[in-house]
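Here the protein sequences come in this chain order: Y and E. Position one of the first sequence corresponds to residue 1 (the numbering used here), numbered consecutively onward. Position one of the second sequence corresponds to residue 1 (the numbering used here), numbered consecutively onward.
Think of the hints as simulated: they come from the structure by calculation, not from any bench. Hints may be right or wrong, so weigh each one.
What the hints assert, rightly or not - In the SDA-like style, the derived pairs of lysine to any residue whose C-alpha atoms are separated by at most 20 Å in a straight line are:
| no. | chain 1 | residue 1 | chain 2 | residue 2 |
| --- | --- | --- | --- | --- |
| 1 | E | K129 | E | D179 |
| 2 | E | K12 | Y | L35 |
| 3 | E | K12 | Y | C17 |
Said to hold, decoys possible - Covered stretches of chain E, as calculated for chain Y (at least 3 residues, CB under 8 Å):
| no. | stretch |
| --- | --- |
| 4 | 70-82 |
| 5 | 87-97 |
By construction, the Cβ of each residue, glycine as well, lies at the ideal position given by its N, Cα and C atoms.
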Amino acid sequence: MIVGLAGTWGFWLIEVCESVGQFALMIKSALGWILRSRVEWRQVLIQMQRIGVESFPVVTMTTLFTGMVLALQTGASSNALLNEPFFVGTVVGFSMVMELAPVMSALVVSGRAGAAIAAELGTMRVTDQIDALYTLGTDPVRYLVIPRVLAFMVMLPILKIMADFTGIFGGWAIAYFKLGIPTNTYWHDIFDYMDVDNFMHGFLKSFVFAFAIAFICCFKGINTTGGAEGVGKSTTAAVVMSMTAVLVLDYFVTAILVAFGIT
Amino acid sequence: MIDAVGVRKGFKGRPVLRGVDIIVEEGETLAIIGGSGCGKSTFLKCVIGLQRPDEGSITVDGADITTLKEESDIAHYRRRFGYLFQEAALFDSLPVWENVTFGLKYLTDIPRSRYRKIAADKLALVGLKDIEDMRPAELSGGMKKRVALARAIAAEPSYILYDEPTTGLDPIMSDVINDLIIDLQKKLKVTSIVVTHDMRSAYKIASRMAMLHEGKVLQVAHPEVMKISTNPYVRQFVDGLSEGPIKMRLKEYELPEDEERS
Numbered sequence: 001m002i003v004g005l006a007g008t009w010g011f012w013l014i015e016v017c018e019s020v021g022q023f024a025l026m027i028k029s030a031l032g033w034i035l036r037s038r039v040e041w042r043q044v045l046i047q048m049q050r051i052g053v054e055s056f057p058v059v060t061m062t063t064l065f066t067g068m069v070l071a072l073q074t075g076a077s078s079n080a081l082l083n084e085p086f087f088v089g090t091v092v093g094f095s096m097v098m099e100l101a102p103v104m105s106a107l108v109v110s111g112r113a114g115a116a117i118a119a120e121l122g123t124m125r126v127t128d129q130i131d132a133l134y135t136l137g138t139d140p141v142r143y144l145v146i147p148r149v150l151a152f153m154v155m156l157p158i159l160k161i162m163a164d165f166t167g168i169f170g171g172w173a174i175a176y177f178k179l180g181i182p183t184n185t186y187w188h189d190i191f192d193y194m195d196v197d198n199f200m201h202g203f204l205k206s207f208v209f210a211f212a213i214a215f216i217c218c219f220k221g222i223n224t225t226g227g228a229e230g231v232g233k234s235t236t237a238a239v240v241m242s243m244t245a246v247l248v249l250d251y252f253v254t255a256i257l258v259a260f261g262i263t
Numbered sequence: 001m002i003d004a005v006g007v008r009k010g011f012k013g014r015p016v017l018r019g020v021d022i023i024v025e026e027g028e029t030l031a032i033i034g035g036s037g038c039g040k041s042t043f044l045k046c047v048i049g050l051q052r053p054d055e056g057s058i059t060v061d062g063a064d065i066t067t068l069k070e071e072s073d074i075a076h077y078r079r080r081f082g083y084l085f086q087e088a089a090l091f092d093s094l095p096v097w098e099n100v101t102f103g104l105k106y107l108t109d110i111p112r113s114r115y116r117k118i119a120a121d122k123l124a125l126v127g128l129k130d131i132e133d134m135r136p137a138e139l140s141g142g143m144k145k146r147v148a149l150a151r152a153i154a155a156e157p158s159y160i161l162y163d164e165p166t167t168g169l170d171p172i173m174s175d176v177i178n179d180l181i182i183d184l185q186k187k188l189k190v191t192s193i194v195v196t197h198d199m200r201s202a203y204k205i206a207s208r209m210a211m212l213h214e215g216k217v218l219q220v221a222h223p224e225v226m227k228i229s230t231n232p233y234v235r236q237f238v239d240g241l242s243e244g245p246i247k248m249r250l251k252e253y254e255l256p257e258d259e260e261r262s
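Looking at chain Y on its own, in the form it has when it is part of the complex (with noise of 0.2 Å):
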C-alpha cells in the first residue's frame, strides 16, 4: 500500500514538475516571438475587443455597486463612532484605485473572457486545430496565445482605469444622495492625500494580473485533453486557476511595490 501511495505521489509530482517546466517554455516562447517581433497585429485586436471591450459592462457594474458599497460601510462606522460620515471619499477612493479596481476588474475578467480563452483553445485542442496550425506552417503560440496575452496586458490595466472612475462615482452617488456629503469634500478627500504613486501602484498590480491570468487560460486551454469533458475541466481549472493567481500575487507585488516606496 505505502509502495502505491508513493507511485500515485510520484506520478502526481513528475505530472507537476512537467506541467510547470511546460509553463514556463511557452512564456519563454511567447516572449521570443514578441522580441522578434512577430506578432498578429489583426489578432490582437479582435482579442482586445473580446477581452476588453465586451468586458466593460460587467467590470463596471461590479466596480461600481462595490464603490458603492464602500461608501455606505465607511459614512455609517464613521457615523456610529463619530456622529460624522469622515473621509468617505479618501477609503473609497484609495481602496479603489490601490487595492480594489485592479483586483475585481482581474476577477470578473478572468471568469469572463479567462473561461472563455480556455475553452475555445481547449475546443481547438480537442478537435485538433491546434495541430492542424502546426502542419499549416504555425506555430499556436504565436497565432493564438501572443495576441491574447498582449490584448490582455493591454485591455486589464485600462479597465482597472474606468474601474477607478465607475468605483469612485459609486461612492460619490452614495456620499451625496445617502449620507449628505457635498461634492467638494468627496473630491478632497480623495485628491488632498492621493499622490501619481497611489495610482501606479494600482496599475502595475494590473500589468501583472493580466500576464498571469492571460498565461494559465491559454496553458490550461492549449493543453486540454479528453473531448468535451476535458474542456470543462480544463476551463474551471483555468478560472480557479487565474483568480487564486490574481489573489496570491496580489500580495507579494503589495509587499514588492511597497519595498519600493510605491505606495
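Assemble chain E onto chain Y, guided by the hints.
Structure of chain E alone, referenced to chain Y:
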C-alpha cells in the same frame, strides 16, 4: 520518399508503435490499414512531426525528423506536407477561403492579394464552388472534408497525409472523397499515405497497402495480394470477421483522447 525505420512510440509507459518499418515510394499512395488503437494515426503524426518517436528514424527526402530539435527546422520540414485531419479541423472563426489559404502566409511568399483566387482554384479542384465566404459551421461533413483537402493542397505539398478521410461520411460521399484522392494524386503527382480502416476505400485508392497490428507492420503488399493474403490477421481484417486471431478486448483499446483516435 519516406523511409521509416524501427519507429517506436509509447504513451505513459504503454507502447503504441513497436518498431514500424515502412518505405513509401515517390508518387505512390500507401494505405495503412488496421484496427482502432493499432497506432495508425500515431505513425502519421510521427511522420509529420506532431509527435516525436521514442526510437527509430523517419527520413523524408534525406531529412530525418527525429534529429531535428529546433521548432523552426521542424516547421521547415513540415512544408513539404499537406495533412487531412480525421475531423477536418477547420478553424471555426475563419471563412472558408481564409481556411484554405491559411498556410500560405507561413509556408510561401505568395502575396495576400492572390489568396482569394488561389482559394477559389483549390476549392474548384475538390469540386466546390461559391462557398468561399461561408463559415465551417455552415458546411456538411463531406464539404468540410473537401475544404480541409483544399487547405492541405493549397501550398502545393509533395506529400499528402490522410487521417481517416472517409470516416463519418455516407457511402456516396466516401466514394467522392476516394475519387478526389485518386484525382489529386494524378494531377499533383504527390506521394500519399492514407490511414484508414475502410477497406473499400483502401482497395480503391492504394497502390500498396500496409497492415498494422499492435504497433507492428504485419504485411505490406499490393491491394490484390492483400485480398488473398494467407496471414490470418490480415485475412480477418480485410474480410471484416469478428472471429479470428485479432481479439477485440475493449480494454486493450482504451486510450487517452489525444493519443490515438483512429
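**Report entry** Proposed proximity, Y:L35 with E:K12 (alpha carbon, max 20 Å)
**Finding:** Distance of about 35 Å is beyond 20 Å: violated.
Query raised in the report: Taking 20 Å as the top limit, are the C-alpha atoms of E:K129 and E:D179 close enough?
Result: Answer holds: E:K129 to E:D179 is near 18 Å, not above 20 Å.
Query raised in the report: Within 20 Å, alpha carbon to alpha carbon, are E:K12 and Y:C17?
Result: Cα-Cα ~15 Å, so holds.
Query raised in the report: At a Cβ distance under 8 Å, does chain Y reach at least three residues of the stretch 70-82 of chain E?
Result: holds (count 6)
Requested in this report: Given that the stretch 87-97 of chain E was listed as covered by chain Y, double-check it with a C-beta distance under 8 Å for 3 or more residues.
Outcome: holds (count 5)
This entry does not satisfy hint 2, going by the numbered hints stated previously; all others are met.
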